[in-house]
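Protein chains in written order, with the working numbering: chain F, 1 to 208; chain W, 1 to 208.
Each hint should be verified, as a subset may be incorrect.
For the chain F half of the interface with chain W, some residues (derived, Cβ under 7 angstroms), not all of them [what the hints assert, rightly or not]:
1. Gln51
2. Leu188
3. Met202
4. Leu207
Cβ-Cβ distance ranges computed for the label pairs, FRET-style [to be verified]:
5. Glu189/W with Arg69/F: 27 to 35 angstroms
6. Glu90/F with Arg205/W: 19 to 27 angstroms
7. Met1/F with Glu65/W: 51 to 59 angstroms
8. Ala58/W with Arg137/F: 37 to 45 angstroms
9. Leu207/W with Thr120/F: 41 to 49 angstroms
10. Met1/F with Tyr66/W: 37 to 45 angstroms
11. Ala124/F with Pro19/W: 40 to 48 angstroms
12. Gly24/W with Val187/F: 28 to 36 angstroms
13. Glu189/F with Ala47/W: 54 to 62 angstroms
In short, the hints are calculated from the structure, not lab data.
C-beta: ideal position from N, C-alpha, C; glycine also.
Number of protein chains: 2
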Amino acid sequence: MTQVIADISVSLDGFVAGPDDGPGRHPLGVGGERLHRWLFGLATWRARAGQEGGDRGAGDDIMGEYFARTGAAVIGRRMYDHGEKAWGEEPPFHVPVFVVTHRPRPSRRLSDGTSFEFVTAGVAAAVAQAVAEARARGGDVAVMGGGQIVSGALAAGVLDELRLHVVPVLLGGGRPLFAQPLHPARVLETTRAEMSSGVTHMFHRVLP
Amino acid sequence: MTQVIADISVSLDGFVAGPDDGPGRHPLGVGGERLHRWLFGLATWRARAGQEGGDRGAGDDIMGEYFARTGAAVIGRRMYDHGEKAWGEEPPFHVPVFVVTHRPRPSRRLSDGTSFEFVTAGVAAAVAQAVAEARARGGDVAVMGGGQIVSGALAAGVLDELRLHVVPVLLGGGRPLFAQPLHPARVLETTRAEMSSGVTHMFHRVLP
Numbered sequence: 001m002t003q004v005i006a007d008i009s010v011s012l013d014g015f016v017a018g019p020d021d022g023p024g025r026h027p028l029g030v031g032g033e034r035l036h037r038w039l040f041g042l043a044t045w046r047a048r049a050g051q052e053g054g055d056r057g058a059g060d061d062i063m064g065e066y067f068a069r070t071g072a073a074v075i076g077r078r079m080y081d082h083g084e085k086a087w088g089e090e091p092p093f094h095v096p097v098f099v100v101t102h103r104p105r106p107s108r109r110l111s112d113g114t115s116f117e118f119v120t121a122g123v124a125a126a127v128a129q130a131v132a133e134a135r136a137r138g139g140d141v142a143v144m145g146g147g148q149i150v151s152g153a154l155a156a157g158v159l160d161e162l163r164l165h166v167v168p169v170l171l172g173g174g175r176p177l178f179a180q181p182l183h184p185a186r187v188l189e190t191t192r193a194e195m196s197s198g199v200t201h202m203f204h205r206v207l208p
Numbered sequence: 001m002t003q004v005i006a007d008i009s010v011s012l013d014g015f016v017a018g019p020d021d022g023p024g025r026h027p028l029g030v031g032g033e034r035l036h037r038w039l040f041g042l043a044t045w046r047a048r049a050g051q052e053g054g055d056r057g058a059g060d061d062i063m064g065e066y067f068a069r070t071g072a073a074v075i076g077r078r079m080y081d082h083g084e085k086a087w088g089e090e091p092p093f094h095v096p097v098f099v100v101t102h103r104p105r106p107s108r109r110l111s112d113g114t115s116f117e118f119v120t121a122g123v124a125a126a127v128a129q130a131v132a133e134a135r136a137r138g139g140d141v142a143v144m145g146g147g148q149i150v151s152g153a154l155a156a157g158v159l160d161e162l163r164l165h166v167v168p169v170l171l172g173g174g175r176p177l178f179a180q181p182l183h184p185a186r187v188l189e190t191t192r193a194e195m196s197s198g199v200t201h202m203f204h205r206v207l208p
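Given the sequences, and given the hints that come with them, work out the whole structure.
Right under this line is the structure:
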């Protein structure tokens with residue numbers, strides 16, 4: 001059955017981007033790039049970019065399996081804007097991506113299997129579209145961030161699983177994963193926790 | 001060598017007490033008691049209270065070893081005030097406890113090995129006194145909270161290790177472990193992460 005799985009890196013003090021983020025400033029906030037180094041160092045990630053070597057271990061297995069199972073993705077507009085420049089014509093998805101935004105935009109279709117649909121009806125609507133697409137492909141839905149999208153999906157009750165990669169850095173400010181006002185009391189259950197590549201991978205089941 | 005180890009339970013959204021905490025209101029904030037249930041259910045904890053049974057596993061081993069190695073403890077005034085009523089004449093320490101407070105108070109000495117010294121010179125001074133005491137006993141210093149004391153000790157550079165027990169609840173507000181303004185950039189290294197009794201135990205070394 002198609003699962004909706006959010007997966008995001010977070011600092012020990014709960015931020016998914018550092019202070020002063022945004023275009024023309026720091027794309028991931030001051031220090032925010034430290035949240036993603038572990039990922040970019042994985043053998044799985046490097047292989048997707050045509051590079052050899054990299055870290056192996058639990059984190060690599062987790063992310064390799066996550067990418068392989070992903071049939072569609074959901075991201076926020078801010079991540080899209082940031083990525084549009086960084087990714088160029090080779091975004092790291094290779095599946096349909098639904099972008100939650102307030103501004104309608106024409107969809108984009110790339111030759112590598114990536115497509116971008118811009119959804120203005122909110123995160124729950126974007127997840128629903130992604131589920132339909134992923135189900136047709138026999139895959140899962142990856143809710144990839146940023147924090148507003150992940151916690152919005154949790155609040156909306158459309159997440160099956162929340163995976164956090166806790167990076168032992170203190171950003172001291174920035175974009176919190178769980179912004180106020182918070183979602184209603186969702187009941188979570190930790191199903192796995194493991195350290196590798198210097199970070200703690202924590203899996204949580206969202207109970208109905 | 002005497003180690004200074006902070007150990008505290010924290011919600012998935014980073015709070016060590018729920019909203020509206022305080023005397024006459026909710027001692028641990030709304031929902032805050034959920035952060036400590038795992039601890040009170042451990043065989044180690046129950047044995048200290050003269051009760052049988054309880055959870056065994058990694059969390060129990062971790063806490064059993066932590067209590068056994070503790071030669072002195074540091075806590076905040078709020079935890080002391082809350083505990084004074086809850087503990088009665090049997091506080092769960094059995095070692096000298098240094099309480100960080102703004103108000104001087106005469107020390108208290110109990111028959112079970114617990115004593116309370118009230119330190120008005122700040123958290124670093126309290127830790128220094130606890131280190132001297134623990135070293136004489138061949139033990140470690142346990143910095144037990146609350147959040148202000150733990151993050152204050154981290155900020156002051158007097159912590160060797162930070163242990164978090166991440167409980168998969170969302171409190172939506174309350175007392176954050178890492179309050180603003182934050183400590184200078186401390187470099188941490190995750191040394192262990194493991195799930196048991198439904199929570200994730202994460203150990204972090206504080207690098208010099």
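Status of the hints after comparison with the structure:
no., hint, verdict
1, Gln51, "violated (25 angstroms)"
2, Leu188, "holds (4 angstroms)"
3, Met202, "holds (5 angstroms)"
4, Leu207, "violated (10 angstroms)"
5, Glu189/W with Arg69/F: 27 to 35 angstroms, "holds (31 angstroms)"
6, Glu90/F with Arg205/W: 19 to 27 angstroms, "violated (38 angstroms)"
7, Met1/F with Glu65/W: 51 to 59 angstroms, "violated (42 angstroms)"
8, Ala58/W with Arg137/F: 37 to 45 angstroms, "holds (38 angstroms)"
9, Leu207/W with Thr120/F: 41 to 49 angstroms, "holds (46 angstroms)"
10, Met1/F with Tyr66/W: 37 to 45 angstroms, "holds (41 angstroms)"
11, Ala124/F with Pro19/W: 40 to 48 angstroms, "violated (26 angstroms)"
12, Gly24/W with Val187/F: 28 to 36 angstroms, "holds (29 angstroms)"
13, Glu189/F with Ala47/W: 54 to 62 angstroms, "violated (27 angstroms)"
Violated hints for the displayed structure, listed by number in ascending order: 1, 4, 6, 7, 11, 13.
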